[in-house]
Amino acid sequence: MDLTPLFASFLLVMVAELGDKTQLTVITLSSCSNALLVFAGAMLGFMLVSGIGVVVGDVLSLLIPIPVIRVASALLFLAYGIYTILSRSREEHAEKINTGCAMLSAFSMITLMELGDKTQLAVIALAAEYSIPIVVYAGVIAAFTLVTGLGVLIGRTIIKIIPLKYVKLGSGIVFLLFGIIFLVNMLFL
60 MDLTPLFASF LLVMVAELGD KTQLTVITLS SCSNALLVFA GAMLGFMLVS GIGVVVGDVL
120 SLLIPIPVIR VASALLFLAY GIYTILSRSR EEHAEKINTG CAMLSAFSMI TLMELGDKTQ
180 LAVIALAAEY SIPIVVYAGV IAAFTLVTGL GVLIGRTIIK IIPLKYVKLG SGIVFLLFGI
240 IFLVNMLFL
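Mapped onto the working numbering, the consecutive letters of the sequence shown carry residue numbers 60 to 248.
Hint data in this document are derived by calculation from the structure and do not stem from the laboratory.
Predicted model only: the values in this text are computed from it and were never measured.
Honestly, I wouldn't trust all of these hints.
The calculated lysine to aspartate or glutamate pairs, modelled on DMTMM-like cross-linking and capped at a C-alpha distance of 25 angstroms, are [what the hints assert, rightly or not]:
# : residue 1 : residue 2
1 : Lys177    : Glu188
2 : Lys219    : Asp79
3 : Lys177    : Asp79
Simulated restraints, written as ranges between beta carbons of each label pair [to be verified]:
# : residue 1 : residue 2 : range
4 : Pro222    : Ser190    : 45 to 55 angstroms
5 : Ile232    : Val130    : 17 to 27 angstroms
6 : Lys219    : Glu188    : 39 to 49 angstroms
7 : Met73     : Ile232    : 23 to 33 angstroms
8 : Leu70     : Leu145    : 37 to 47 angstroms
9 : Ala187    : Leu223    : 39 to 49 angstroms
Using N, Cα and C, we set each Cβ at its ideal position, and we do this for glycine too.
All chains should be modelled from the sequences, with the hints used to inform the complete structure.
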């Protein structure tokens with residue numbers, strides 16, 4: 060069996076995702092939520108979107124217009140940013156909410172951000188190029204697992220250094236900035 064599709068998929072996704080907005084999201088979420096739930100939610104999102112990319116490919120753009128996906132993603136980030144900033148003053152209550160919603164938050168944010176993203180487009184191209192979708196999918200998921208694991212570890216390290224109330228404020232600001240950037244890109248690009 061030729062392992063080129065596996066290694067090509069792994070390397071391409073690994074390089075594309077290092078420092079990407081989805082990894083910054085994983086770092087931010089895991090710094091103030093249950094890291095294992097964030098990892099699980101993010102991986103479910105990556106698996107879903109990558110599966111769609113491998114199986115459905117370019118049909119996705121016919122079903123869900125990219126501008127709709129981007130607006131939904133921007134609104135989700137703005138809402139989560141506002142929620143995070145407002146909940147920072149209620150430490151115990153916010154921690155319970157964040158833990159309960161960590162997996163769902165990570166899943167929904169990652170899924171919306173990755174739909175139509177450069178990485179999903181690369182996955183579509185790789186699946187078309189190699190015509191071995193399961194091998195491409197395995198390489199993609201291996202890369203996402205490694206990069207997401209690193210993001211969660213970085214997020215958990217931050218919480219040990221910086222007090223929780225400042226991490227939550229910073230997280231809220233990061234989410235608001237992503238939402239604003241997504242909306243600005245939709246309007247002007």
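- Message: Looking only at beta-carbon atoms, does the pair Pro222, Ser190 fall within the given range of 45 to 55 angstroms?
- Response: holds, 52 angstroms
- Task: Mind checking the hinted window 17 to 27 angstroms against the Cβ distance between Ile232 and Val130?
- Result: With Cβ atoms ~21 angstroms apart, the hint holds.
- Starting from the hint 37 to 47 angstroms, judge whether the C-beta atoms of Leu70 and Leu145 obey it. Between Leu70 and Leu145, where Cβ atoms are some 41 angstroms apart, the hint holds.
- Does Lys219 pair with Asp79 here, judged by a C-alpha cut-off of 25 angstroms? holds, 23 angstroms
- Verdict for Met73, Ile232 (Cβ pair) under range 23 to 33 angstroms: holds, 28 angstroms
- Agreement of Lys177 and Glu188 with the hint, judged by alpha carbon distance not exceeding 25 angstroms: holds, 16 angstroms
- Can you let me know if the beta-carbon spacing of Ala187 and Leu223 is within 39 to 49 angstroms? holds, 46 angstroms
- Has the hinted range 39 to 49 angstroms been met by the Cβ atoms of Lys219 and Glu188? holds, 43 angstroms
- Item | Satisfaction of hint between Asp79 and Lys177, Cα-Cα up to 25 angstroms | holds, 10 angstroms
Figure legend: structure checked against the earlier numbered hints; every hint is met.
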